[in-house]
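Participant: Chain by chain, the residues run as shown.
Protein chains: 4
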Amino acid sequence: MDLKNINISKSLIPENYLRLAIEAQKFKETEFRELIEKRKLPKNGWSDSHIEELVRQLSALDSNNLPKKVGVGEREARIACSLVARRHYNFGHGVGRSGDLLEAQPKAAGSTLMVNLTNYLLLDLIHEMGVRSCRCCFLAPLATAGLIPVIIEPQLNDNGSMSTNLEAFAQKVTDIGTENILCLCTTTSCFAPRQCDDIVEVSKLAAQHSLPHLVNNAYGLHSAYLTHQLEQAQRLGRLDLFVQSTDKNLLVPVGGAIIAGFDEQLVRSVAKAYPGRASSTQTLDVFMTLLSLGRMGYMRLVKERKENFEYLLARLHGFAKIHSEQVIESKCNPISLALSLKQFRNAGFEEITKFGSMLYTRGVSGARVVAVGDDRKIEGYEFLNWGTHHSRTEYAYLTIAAGLGITKVEIDNFFVKLHECWEAFLKRLKK
Amino acid sequence: MDLKNINISKSLIPENYLRLAIEAQKFKETEFRELIEKRKLPKNGWSDSHIEELVRQLSALDSNNLPKKVGVGEREARIACSLVARRHYNFGHGVGRSGDLLEAQPKAAGSTLMVNLTNYLLLDLIHEMGVRSCRCCFLAPLATAGLIPVIIEPQLNDNGSMSTNLEAFAQKVTDIGTENILCLCTTTSCFAPRQCDDIVEVSKLAAQHSLPHLVNNAYGLHSAYLTHQLEQAQRLGRLDLFVQSTDKNLLVPVGGAIIAGFDEQLVRSVAKAYPGRASSTQTLDVFMTLLSLGRMGYMRLVKERKENFEYLLARLHGFAKIHSEQVIESKCNPISLALSLKQFRNAGFEEITKFGSMLYTRGVSGARVVAVGDDRKIEGYEFLNWGTHHSRTEYAYLTIAAGLGITKVEIDNFFVKLHECWEAFLKRLKK
Amino acid sequence: MDLKNINISKSLIPENYLRLAIEAQKFKETEFRELIEKRKLPKNGWSDSHIEELVRQLSALDSNNLPKKVGVGEREARIACSLVARRHYNFGHGVGRSGDLLEAQPKAAGSTLMVNLTNYLLLDLIHEMGVRSCRCCFLAPLATAGLIPVIIEPQLNDNGSMSTNLEAFAQKVTDIGTENILCLCTTTSCFAPRQCDDIVEVSKLAAQHSLPHLVNNAYGLHSAYLTHQLEQAQRLGRLDLFVQSTDKNLLVPVGGAIIAGFDEQLVRSVAKAYPGRASSTQTLDVFMTLLSLGRMGYMRLVKERKENFEYLLARLHGFAKIHSEQVIESKCNPISLALSLKQFRNAGFEEITKFGSMLYTRGVSGARVVAVGDDRKIEGYEFLNWGTHHSRTEYAYLTIAAGLGITKVEIDNFFVKLHECWEAFLKRLKK
Amino acid sequence: MDLKNINISKSLIPENYLRLAIEAQKFKETEFRELIEKRKLPKNGWSDSHIEELVRQLSALDSNNLPKKVGVGEREARIACSLVARRHYNFGHGVGRSGDLLEAQPKAAGSTLMVNLTNYLLLDLIHEMGVRSCRCCFLAPLATAGLIPVIIEPQLNDNGSMSTNLEAFAQKVTDIGTENILCLCTTTSCFAPRQCDDIVEVSKLAAQHSLPHLVNNAYGLHSAYLTHQLEQAQRLGRLDLFVQSTDKNLLVPVGGAIIAGFDEQLVRSVAKAYPGRASSTQTLDVFMTLLSLGRMGYMRLVKERKENFEYLLARLHGFAKIHSEQVIESKCNPISLALSLKQFRNAGFEEITKFGSMLYTRGVSGARVVAVGDDRKIEGYEFLNWGTHHSRTEYAYLTIAAGLGITKVEIDNFFVKLHECWEAFLKRLKK
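Residue numbers (our numbering), protein chains in the order written: chain F, 453 to 883; chain R, 453 to 883; chain A, 453 to 883; chain L, 453 to 883.
Some clues are possibly wrong.
Said to hold, decoys possible - Here are the simulated BS3-like pairs of lysine-lysine, each with C-alpha atoms no more than 27 Å apart in a straight line: (1) R:462 <-> L:806; (2) A:869 <-> F:495; (3) R:520 <-> A:860; (4) R:869 <-> F:456; (5) F:860 <-> A:860; (6) L:462 <-> A:495; (7) A:520 <-> R:869; (8) F:521 <-> L:860; (9) R:478 <-> F:521.
The hints are simulated quantities; they were obtained by calculation from the structure and are not laboratory data.
Only a predicted model underlies this, so the values are computations on that prediction, with no experimental measurement involved.
My request is simple: use the sequences and hints to build the entire structure.
Facilitator: Now the structure itself:
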């Protein structure tokens, strides 16, 4: 509704008030126009009402929401339950066309616009977080599928931390032969005491052998340390694609992945391999969240998380000292931390996992007790001390993480409960 | 967001799809413009999403929702609880200024526009329902207040129905003296067996004595029969104002009244007498409801109600015949019906009201058992057989109504339950 | 849904997870039970989802929401527009019965419970804010109506502030005669430079003459200074009722008043005088807001406002010094402030009000420019310098207020804009 | 909130009203309990408020919504944007654990319950629709992925319809060798003039060669004709899995598939192959929709669609007769229809597709103009007359479908616009 184009009777509103109203509309229109024209994250987060207005206006452009539509196809985005229609803002057509997630959807002009805009905003965010060379990215409404993996065990360092075994990596490439390798896969973010893989060196290896290199950057987009590794890897070697979850990096419900790379054609070819049309719900979540946070809001979250990680680290060192345990140093892991549980050494595997249950029933989620002694065979591979990241892990440990959105209050409460459980568990062991 | 004014990259949306999107916007804009320019009820009801978009755009014009506002007054429509803000679409300023409900509100351009637009739509509806001479009306967020009443008992007809006692009316005017009378008050819609007052004749009496005449048209706006009486009364005599509830006539939550009349100055002077600024919530409900129904939707409700009344009347006659009771004829009451309860005559007042409780605990609401024998004194007046409309009522009766929105299924279920209770109550009486 | 009472197949959820789920339910149930049993403000605010769950459960108890209902009355709380039903959480019956706001509503068990609970929570809040002797209060969905006022001009102090002219008050009581006076009316919160009335002394006067005393405590409930006056006035003299707006004291949309007093019967008799059933929407807003804030949340708002008032006062003194104006001292007004506009003295009344418009078009709302020279006659009374609170006001001033919810950022922005306008207006005057 | 367990003061609600309120709660609790205990579609659809209450109660059981939670993991279902949290009812954890969609999710007891319940309700629906032998099914939040296809062109019948070329099928199996075939794939629902594959005969072939048989039942679940084929195929031959979209069969937004089969272990093994945790949003949509429709509501939709298909067929025959075209008979296709466009034969491929554009710009979506002459090579396969289903198609045709949810009004409007476009296009061709 553009008040400037409507002939409004003075009996509805006095002229001077109308002028103020038109002024109010102008600001909003400018905000919408700039977003669409610049295709960049807004500096400051938008209000809920602005976000919803844009989303509703986009949804109104999809054919299922046209006022005089006649639908005689087999897929017309009819929605039976009004609650479902409402929670999806009447978006029903999904994204892409069969077999290409990025192709425009003829019945869904608004969805198409939203999808493409979201991908531009994500690219802007990736740049802002430090991967300046990234050229293209898109949001896929699922996690990526696997192929036949060849696993290279990390190197177990003296202090208990684990890092990339580069020699083993290089040896394996030679052993198998580059012609039999689809790509090298590395991981940035993972549970301590495992560290971020040495993706720079693996990149060099990839370049040397002309092998594609895919990085699982699961929850690493919000860490400037990890995005710096990505940028360096791409500059000094070969890194083709890096993939990250939306839930952990953008605080949306589980279900989407951002697939990004340094060559537009390559990224687009991944989009083309998608099996069919996809849900647009993950896109909508990411779109609304990015507008809600804005650049400043996201950077504030990033900064707070880093500070909370330092705080968690300091408190964990304090706890370790008092209880004669140690924080297993994993200097290249800026998110997850591990505390040794050497004192529980005599308890068996089953018994030690109960320490985890004690924490969980007190409301602590995300803390994992990793015990030694669980040997498993999965798809032909044998894993000794499964879950510990290494076959030769000697003692149990507890991992915790300072993920995006964690608060200082949560950390304080965690140590209250950790203390309680620690005392209770020691008593229990003594019996 | 006006797509025509935005420079949209082809990487966001292909040009041919964009053209379709712009076309889609145009329809909506036309709908908004026509409403505001014509100030008439739309012919067909709007979709929920169109209604909400208009409401949100109006609310965005109020000063509390301006993006860069600075509020240093004592009333700034700040809303603490986000749920409250959400359910009011961020409207917070109420309507009117102290002491005049219809004055524009400087801090609330959007609210002002909505209030005035709603009053125009209501006037259009009143015309459509048959009161063509009505010149002005407004929505007040409360019921009207009383003064010192002089009560004129209706005339009890042979068949048990009650109608206006015109002679008593005229006599009372003479007895009291016109100089001591503020106005004559009549009622159109009320519980059967009372009929609609003979407002045409009372209007003539009012004209003859130059006395103002106020009609309580509580739930009569949706009955063409009653609105015809209003129009006739105004043409043939004097009728100043008629007042009706919004809940029963427009199916909104309880809390508003439409005050209407034939002289704009008179109606406006009532608006000026309102004690302070008022809530805009009732206006918002009425505004959304009128847009949702449209002229056609409201007329369909009116028609269905009339048909359901005929059906209820026929079924009630059937029930009366089988159980040897009678439908007390009140031919001038097109909404409410009464069924005699002569067979329960020997039960006392307390006992008979239990028949009503039986119905209520079976989910029947709105059916009232009116027993004789409750004599009360209220503000100096003595009422024999209080609740029956008449001091000489001889037997109990049951009143039911076919109000706007009633369904045939409800009527069918009612008779199932009435039958059950009737049998059970007779058994109980026999014990 | 009480998981403990449902026989849940293990194929739906493993037993150990079910135990955790049952634990989660227990906390919520306790919260609900304590609220209803204790009828006190919760210490900490509730989450949105807990508030909405309670509200929906209450609404489900009203007869219009019963699953198998049969409605054959003329008022059945049918709601035509689903958007309206949704925003009212399906509450439709309003509160009270005709003529008594506090009477239970038979068709609306849930509404009745909510209304009574809200009134208890408000009483608890009034106690918490300092009026410990208050015995009863209720929320009315409108402002209070007026009677024939006798106006007693305040005393104009040397520094430009205005306070209660107690002598004139006492003299007027003697002149008119107590038998001709319904009650004494005083005001606590009002625009500076007027101060809070000396309600303690007026209370003594009221006690001495056995006259009822009503205090308009418009936006004074959130000021401990003003509530202390109320408590003292009641202890040392006679104070019957005090009335306050909900919008300014509880940050809800405009439209409700809290009527409170020290004698339960008196307060209830006011509720009985209400003309008809009323909207429940104001109650719902207050109920949700109180639960959302909790005691701690409200007290934090109160504290922040007081600090922001001090900050506003300090900045205003700074501004006054630089521009050779003065803050008109009104030490008994803890909310509103006035700045002299002596330099604009030569501009006429019309011209000076343009200074206010300049501020408003820059987004400043709530700042009022009060100029001398507007003489009016209202309902027989002559007001010289209308709007200035006094007939002998000598120069224009600007009033601003630090109301509940104001932020430091708003104050800072205000001074930026005040400075801009000041410079621009002085230039304009020089032309 | 269980009113029976709360000690409620009579000052909050009179005892007799409280009894009614408790009665009202009981009905709702029964509905919830029966759903969870019986795990069957409710007979009648639930009201929106009952659906939302259940959904919210389930969501409250997930760990991210626990009131006193401490989250120190890397995935804690924190949601940044309150609009996103709201539209997902605070569900954030997704479904399944890495690599198994059906495994219970420890942090999400409520989600787990919802997922399993939804799968039971879907199984009940599949039974109700006629596939009585189906043993297990689950909802996957994406479409299924493809493998290397071997395409068997359908047989082109004399009347222009196309059906399964069984001989070619059998020949191909022999040619390739069963050891080189993963499974046989057939399709039930597709664009006319292609018919439903003869899945019964292909099933016999599959049984004979011990080959798995997968049916793409895209939008066939709502057709009793097609589900009957499925049931027969399974009884008389071998049919392992059948897969269908949720959007077209259940009227939810695009994005989910129901994977169903006759052997529980087989279906579960598909769930285990899912690459990672998945979004729960498609489950939530389906869950709410099934409760909203109930068995009766769904069956009403099915019946209406069938009637509308008959109506569309009759009208299309009428149109064909008048314009000397023919409805291409495809008696085994109960959803989609084709109209020959022989008169446009002289127009080229590009030109004919414009007829489709004309319809689309008039608001007709879903009607496809299929022209001959588009030869393509996709992944090594050559397709002559791509899009027409057959290399030897001789003339263009128009396909339309009567999908679930279509209305008679849409069909009527379609023929108005078809007529308009037909006349306009003929004129254009003559130029």
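Participant: Does each hint fit the structure? Answer for all of them.
Facilitator: Here is how each hint holds up against the structure:
{"no.": "1", "hint": "R:462 <-> L:806", "in the structure": "holds, 22 Å"}
{"no.": "2", "hint": "A:869 <-> F:495", "in the structure": "holds, 23 Å"}
{"no.": "3", "hint": "R:520 <-> A:860", "in the structure": "holds, 14 Å"}
{"no.": "4", "hint": "R:869 <-> F:456", "in the structure": "violated, 58 Å"}
{"no.": "5", "hint": "F:860 <-> A:860", "in the structure": "holds, 25 Å"}
{"no.": "6", "hint": "L:462 <-> A:495", "in the structure": "holds, 24 Å"}
{"no.": "7", "hint": "A:520 <-> R:869", "in the structure": "holds, 12 Å"}
{"no.": "8", "hint": "F:521 <-> L:860", "in the structure": "holds, 13 Å"}
{"no.": "9", "hint": "R:478 <-> F:521", "in the structure": "holds, 14 Å"}
Consistency note: the structure conflicts with earlier hint 4 alone.
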